[in-house]
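K.L.:
Sequence:
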Amino acid sequence: MNTRSLPHRFFLLFSLLALASLGSSFFISEPKDENEIWYFGHKKEIHWTSVETDPPKVTISISNNDAGTYPTSFSRIIRRGVPKERGKYVIRKWAFEGLKEGSGYRINLLTKEAGAILAQSPLFTLSSWDPSDISPSISADSNDKSKEVHHKGLSDSQKTAADQILTKSVPDDRKRTGCASGAVSGPGVVSSKDRGH
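Going letter by letter, the sequence shown gives residues -25 to -1, 1 to 172 in mature numbering (1 follows the signal peptide of the UniProt record, and there is no 0).
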């Protein structure tokens, strides 16, 4: 056994224990569900809790240790020096630009110098396909078609109502004839003045 390596091993063990105790008070409360799907092009808000003895500022990063997505692992700093009292941070969509689509992502709270992990979010998946990106266009097309049909229906109804009123032989029904002429204009529609009333 190589006794010269023992001090180094003890140092590593001590460092790991120190980091574990350092990160025990920070907790990411949102997102809280495992394997959520996050979408490119959308912002995401994270929330955390802390205590008075925690470091005053944190660094926020995104990482991935899933070999299926990043064979050699991945980590990117999103923002440094965020005050812990804020308790939340909005991750803008630019933070996900250039990342690979796949599972195994986490959001990390680190010490300001990014040397120790204080807290980690549950794992989530980044996806480029978002159902909400399709819904508005489909809805808009449907609304346009509905409006077109609806407006066309109203026009036909007005014309039909005017024809019915004008063809009725009720000479003293000036009010209804006036309403019809006011509602619809164009050839074939005669006002009450033109009819000599």
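Calculated directly from the structure, the hints in this document are not laboratory data. Glycine included, C-beta positions come from ideal geometry on N, C-alpha and C. One should not assume that every hint holds.
[To be verified] The following label-pair restraints were derived from C-beta to C-beta distances:
hint, residue 1, residue 2, range
1, 102, 54, 20 to 26 Å
2, 31, 75, 32 to 38 Å
3, 97, 62, 17 to 23 Å
4, 51, 4, 21 to 27 Å
5, 18, 50, 26 to 32 Å
6, 104, 24, 19 to 25 Å
7, 9, 74, 15 to 21 Å
8, 103, 31, 16 to 22 Å
9, 12, 87, 28 to 34 Å
10, 65, 9, 20 to 26 Å
11, 103, 58, 19 to 25 Å
12, 87, 9, 38 to 44 Å
13, -1, 76, 15 to 21 Å
[Unchecked claim] DSSO-like cross-link-like pairs, simulated, lysine-lysine; straight-line CA separation at most 27 Å:
hint, residue 1, residue 2
14, 18, 7
15, 7, 68
16, 19, 63
17, 7, 63
18, 19, 68
19, 75, 19
20, 18, 68
21, 63, 32
22, 19, 59
23, 59, 18
24, 7, 32
K.L.:
Out of the numbered hints, which ones does the structure contradict?
P.N.:
Numbers 5, 6, 8, 11, 12, 13, in rising order.
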